[in-house]
Every structure is written in structure tokens, then in C-alpha cells.
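Colleague: For reference, the chains in residue letters:
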Amino acid sequence: MSTQTPVLSVRGLEKTFAVGGMFSRGRVRALGGVDLDIAPGEIVALVGESGSGKSTLARCLARLEQPSGGTFLFEGKDILKTEPRRASRAYRSAVQMIFQDPFGSLNPVHRVGHFLERPLQLHDAVSGRGELERAKRRLMEKVDLPAELLGRYPHELSGGQRQRIAIARALAVNPRLILADEPTSMLDVSVRIGVLNLMRSLCEQQGISMLYITHDLASARYLADRIVVMFAGEFVEGGEAMALLADPQHPYTRLLISAVPDPRRRGGFDPVERARLRHEVLHPTSCPFQGRSDTRCSADEPVFHRVSDAPEHWVRCGLYAPPSDAPGTALELPNTSEESPAA
Amino acid sequence: MSAPLLEIEDLSVEYVTDARTVRAVDRVSFSVGEGEVFGLAGESGCGKSTIANAILRLLRDPAVIAGGSIRFRDTDVLSLNADQLRAFRWRQVAMVFQSAMNSLNPVMTIGDQIADIYTTHDNVSKKDALRRAADLLDLVGIPHDRLRSYPHQLSGGMRQRVVIAMATALRPPLLIMDEPTTALDVVVQQEIMAQIKDLQRELGFAILFITHDMSLMVELSDRMAVMYAGRFVETASALTIFEQPRHPYTSALMNAFPPMSGPRTRLRGLGEGIRFHDIPDLVSVGQGHWVAPTPGEASMPEVIR
Numbered sequence: 002m003s004t005q006t007p008v009l010s011v012r013g014l015e016k017t018f019a020v021g022g023m024f025s026r027g028r029v030r031a032l033g034g035v036d037l038d039i040a041p042g043e044i045v046a047l048v049g050e051s052g053s054g055k056s057t058l059a060r061c062l063a064r065l066e067q068p069s070g071g072t073f074l075f076e077g078k079d080i081l082k083t084e085p086r087r088a089s090r091a092y093r094s095a096v097q098m099i100f101q102d103p104f105g106s107l108n109p110v111h112r113v114g115h116f117l118e119r120p121l122q123l124h125d126a127v128s129g130r131g132e133l134e135r136a137k138r139r140l141m142e143k144v145d146l147p148a149e150l151l152g153r154y155p156h157e158l159s160g161g162q163r164q165r166i167a168i169a170r171a172l173a174v175n176p177r178l179i180l181a182d183e184p185t186s187m188l189d190v191s192v193r194i195g196v197l198n199l200m201r202s203l204c205e206q207q208g209i210s211m212l213y214i215t216h217d218l219a220s221a222r223y224l225a226d227r228i229v230v231m232f233a234g235e236f237v238e239g240g241e242a243m244a245l246l247a248d249p250q251h252p253y254t255r256l257l258i259s260a261v262p263d264p265r266r267r268g269g270f271d272p273v274e275r276a277r278l279r280h281e282v283l284h285p286t287s288c289p290f291q292g293r294s295d296t297r298c299s300a301d302e303p304v305f306h307r308v309s310d311a312p313e314h315w316v317r318c319g320l321y322a323p324p325s326d327a328p329g330t331a332l333e334l335p336n337t338s339e340e341s342p343a344a
Numbered sequence: 434m435s436a437p438l439l440e441i442e443d444l445s446v447e448y449v450t451d452a453r454t455v456r457a458v459d460r461v462s463f464s465v466g467e468g469e470v471f472g473l474a475g476e477s478g479c480g481k482s483t484i485a486n487a488i489l490r491l492l493r494d495p496a497v498i499a500g501g502s503i504r505f506r507d508t509d510v511l512s513l514n515a516d517q518l519r520a521f522r523w524r525q526v527a528m529v530f531q532s533a534m535n536s537l538n539p540v541m542t543i544g545d546q547i548a549d550i551y552t553t554h555d556n557v558s559k560k561d562a563l564r565r566a567a568d569l570l571d572l573v574g575i576p577h578d579r580l581r582s583y584p585h586q587l588s589g590g591m592r593q594r595v596v597i598a599m600a601t602a603l604r605p606p607l608l609i610m611d612e613p614t615t616a617l618d619v620v621v622q623q624e625i626m627a628q629i630k631d632l633q634r635e636l637g638f639a640i641l642f643i644t645h646d647m648s649l650m651v652e653l654s655d656r657m658a659v660m661y662a663g664r665f666v667e668t669a670s671a672l673t674i675f676e677q678p679r680h681p682y683t684s685a686l687m688n689a690f691p692p693m694s695g696p697r698t699r700l701r702g703l704g705e706g707i708r709f710h711d712i713p714d715l716v717s718v719g720q721g722h723w724v725a726p727t728p729g730e731a732s733m734p735e736v737i738r
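Sequence order for the protein chains is L and G. Just add 1 to the spot in the first sequence (first one is 1) and you have the working numbering. Just add 433 to the spot in the second sequence (first one is 1) and you have the working numbering.
Please keep in mind that the hints were generated in silico from the structure rather than gathered at the bench. Just so you know, even glycine gets a beta-carbon here, dropped at the ideal spot from N, CA and C. Misleading hints may appear alongside valid ones.
Said to hold, decoys possible - Which stretches of chain L does chain G cover? Using the computed rule of at least three CB atoms under 8 angstroms from a CB of chain G, they are: (1) 181-192; (2) 206-219; (3) 248-262.
Stated by the list, open to error - Quick list of the computed label-pair ranges, beta carbon to beta carbon: (4) G/ASP578 x L/GLY105: 33 to 41 angstroms; (5) G/SER717 x L/GLU157: 40 to 48 angstroms; (6) G/ARG453 x L/PRO312: 54 to 62 angstroms; (7) G/VAL497 x L/SER128: 30 to 38 angstroms; (8) L/THR6 x G/ASN538: 53 to 61 angstroms; (9) L/HIS284 x G/ASN535: 42 to 50 angstroms; (10) G/VAL497 x L/THR17: 37 to 45 angstroms.
Given these sequences and hints, build the entire structure.
Modeller: This is how it looks when you write it as C-alpha cells:
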């Protein structure tokens, strides 16, 4: 646990979507009341499959979605109270988002310079033509791109260069928190590490905090200080990155780890073990912490067990599965019974 | 060793424009045995997909096959005429593309699309074709009622399963898979890979597997080749490449993905300072292990760490 005041402090954040037609009462709980603190300069990785609610959390924090319940404090301010309808300009410049698709997030009819000019002008970061030019060049330098690219159009840039422009655009307004939603998953291998390194050094040098959303545990391990694992809209395990991956407790975390390709494991991961882990996630039967003095959990109020305090590591009680009304994760494909047809 | 299923010799592919000619694939030779999984690794733009398209003769202007030969069993692929080509594709060699959404027709049901294969290639009745389509879905563990679904009603993983099932529909001896799981989630990716392995055990086809993910490739392939700028830089059994990579680019590509074990060290991406020019022909350095010599091999700078 950090002793610093967190930049962001999320408490019981919920988001429910209505599904079906206008008169349908169908509800999907995408976010089931999550708590999260991010310290200044800290990188927290949020890991889970598609549909686990990672992006919904980021979109709620970016105020692109209105949460259904819960609160979050940003730099000590209860944002949903002080700015209930829409986010203030100050908040929107302090919290920036980087999206997955660098091809979709840059308008093709504008030159690169435009993407950096707009935030600088909108948020009154600079005054005067000369200063604007200097600010743009400084931003390009920060993301290791040559200033000549300012005159180019997005289609003239590679995927990695585009993602760097998206990062430069986020940096233009001096953010304190960056929400990065799978920023490298669409990039080629040859540039992925470069973008990860860039994000790391920006956080280190400028004290920016980051919520790094990914399904790639290996990159989370490489980049993040802490990792939080999300399943079906709930956090199931979290803690200091290396400690968590060295000793994963929750079956879902283990399932995710087993899905990372590992050349040392010839012939793929054991299907029987995979089926067992899946079953454990959906129909939990036991909890390794049962019977210990700190285990007073119930289905109404599931608690997190502390695996260790330093380094920090906690896990959701294994006796209670997250609610099954969460949107489709890969675990809920109708064909879960066919595990090993060759067996 | 029995006669190879696919044998490619000195294949070169050029993209010819008025301004200049780019050699995308440069004097590449390799073979794939019956039932073997051969991996082709490299970053985007290195020419791996161009090879796949050349094998199926899918190259269009401005790409031209500038030299070399492609033999499939007793067939000279480069001399097939349009009719022979139609019979060759899918029945002999089928392809699974990266994006499952784009390889399925959004306005046709899954059942109709699969049935189409049988009515076109096997001249069977629609009813028979639909029955066989249902059998095919069985193979990849998708319930029959999905025959009436449209592609958008399936999840990404299911769509890719359908595409893989379709590729195996005519029991081709060779499947080309071009980044079959790149757009998918990790857990789904693992499931699909396991499925491919199972299908392969059951049906016995060979796979030419293309990806930039070295760990995935080493896990799945028997033999593999690493490609850089249209040239092979190293080829060997997957295990050999993983345990004793000889070419600096091979190690660099392997280290382009952060590892899941060991200490956390700062990695350098492929973009930072790794460039090779005029890659020479491969030389043998061991049992089935071929490497392109690098200038001043002893003084090669440590690529990573």
C-alpha cells in the first residue's frame, strides 16, 4: 500500500446496462462495485478477457459513461458529486484516454500538427503562434518522433507512429492520469516494446499515473507496478505485479496465466487442467483461506483475503463466484463441455 | 523422410511499379512434410503473407512471381491454369485468414456458407450439403442450431472456429493459417490453438502457420523459419530455434514479447537499431539447422539487455 494520497480512489463503482428492447427489463451488470486506488506515478494494469468489464471501468472514469452507482475521488474531489452531469474541462484535461485503435482515433483529414494543436488551444495551454510551435515540437520530442511528421497525414504513418501521436496528444494538456485501453494490442511486434517503454518512461519522468488495460499478462508484468485481475465485472485478485504472478491464488488468474503461450510447455496447456480451472471459476467449491481467523465472508458481502501485505497481494474469496449475469466471457460459450474431443 | 507435401524452391516475388520494383520475397526455399506443422515467423511486411498468397496463386498486380518453383505433391502449382487452380484451391490447400469477420459473408447464414462449399466443389444436393455442414460444426464443438445464425451473432472465437471448420471441409492435406488468433483474446486464443491441434491429430493435415508471436509458434510448430525483409535468416526445428537461436534477429524477435518468468529487465524493441542488409544464403550449422551468416559474427553486439 502506498502511503501517498492516491490520485484516484474508486469506491464501489457500478455500471448496469439495459439489454433487449425498450420494454425489456433485461439488465447486464458490467461493473459490480469495484474499489481501486492509484498512487501518483503508479502504473496499475487491469487484466481480463473481452467482456470482463475493463473498458467499462475506464469509460466510466473518463466520464464517457455515467456510472450506475458508487463514487470516485480524483485528487481528493468527489467527481460524481461536484460535476454530476458532465465532466469539467479541468477534469478532462487531467484525465486522458488512449484508445486501442490508432487508425480509428486520428481523423484522416487532418495533419498530425492539428491533433496536437487542438488540445493545446482548447485548454489554453499556450498563447501565441511561436509558443504553440515550440509546444508541438516539444511534444514530438517527448514521444521520440521527428518534428517533420507534424506536416504529415495519419495514413502516411505506421501504426506505432500513430499510437505515439495519440500519446503526444494526451500529453499536450499535462494529464495526471492516463487511461490506456489496450494501447499495443493492434501494433506489430516490432514496435510494441517501444510503445511500452515510452509509456513507462513518461510515467517515471513526469509522475503521471496510468491505468493500463490489457488482456496480455506478459505486457502487464513488464509495465505495471500493480496488477488487478477482473472477471465478470468484479475484481478477483490484485497486488504487486511480480508477487501476484509468482503466486497466483484465484483459479481465474491461473487460467489467464495458462493461456499465455509458453515455449517451454510443448504441445499446449493440459486440457484437463484447463477444464478444472474453468469449472473452479464458475462453480467454486473451496477456498484455501477457509477456517482462518480473517475469513468472515458471506455471499452477500464477499471479502478479499490478504495473501500478504508486503508485497501487497489479495484475492477474492474462492467460495463465491461472481454473479453469472455478467456479459459473455469466453468461459460462458455454450460449448464449454467439449473440452478435449481427442481424448 | 518421405517426399515432402509442399516444396518451395528459390521463390521470389516482386511488387513492380513504374517507379521501382520491390522484392518482397527473395529466393526462399523450404518444404513442408505430410502432417507437419511448419511455422513462418517475422514482423509485418517481412513477406510471410506474400508467400502464403503465392502458394495459392492469389497474388494480384502489381505482385509477380519473379522466379522459383512451388511443387505440391506431383503438381507444379505455378503452371496450373484457371480450371485446375479452382480444383487445387480448398481441396488441396485451404487458407484461414486473420480476420474471421472478413472471411465470412455477413448476409448469409453460417449453414448456407458451409453448404456452399459442398454444392460447389462436391456437386451434392443442398439437403446433403446442410447435413454435412452440421457434421462439420460438430467437429469444432459448435451446436447445430448455429447453422441458422449469421456471422454477427457469433462471438469472435466462434467465428474463427467456423472459419477453421470451413477450411477443413474438403479434407485438404495442407492448411495455411495466416495469424489465425491475432485478433482474439488470450484465453480464446489458447482454446482455438488446442482445437487446431486436436483437428490436426484427427484429420492429419499439414499446417503452414504464420504469425509474429514467437512463443505461440514455438509451442505449436515442428519446424520453423524466421524471415526478415523477404529472406529467411534461420530455419530449424522449433525447439532448436527456441533453445539455440543463432541469428541475432531470431533472438530479437523472441525478445520482442516480454517473458512471463525471470527478472524484469528493460527490453529493446525490434525497431531500435536492428537492421540487416544483403542477407546471404543460409548455411548449415547443425542437424537441420540453417542460418544466414551475419557480418563479423563474433563481434555481433548483444541484442537484448
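Colleague: None of the hints should be skipped; say for each whether it holds.
Modeller: How the hints compare with the structure:
no.: 1; hint: 181-192; verdict: holds (count 4)
no.: 2; hint: 206-219; verdict: holds (count 4)
no.: 3; hint: 248-262; verdict: holds (count 7)
no.: 4; hint: G/ASP578 x L/GLY105: 33 to 41 angstroms; verdict: 34 angstroms, holds
no.: 5; hint: G/SER717 x L/GLU157: 40 to 48 angstroms; verdict: 43 angstroms, holds
no.: 6; hint: G/ARG453 x L/PRO312: 54 to 62 angstroms; verdict: 56 angstroms, holds
no.: 7; hint: G/VAL497 x L/SER128: 30 to 38 angstroms; verdict: 57 angstroms, violated
no.: 8; hint: L/THR6 x G/ASN538: 53 to 61 angstroms; verdict: 56 angstroms, holds
no.: 9; hint: L/HIS284 x G/ASN535: 42 to 50 angstroms; verdict: 37 angstroms, violated
no.: 10; hint: G/VAL497 x L/THR17: 37 to 45 angstroms; verdict: 57 angstroms, violated
Hints 7, 9 and 10, counting from the list given before, are not met by this structure.
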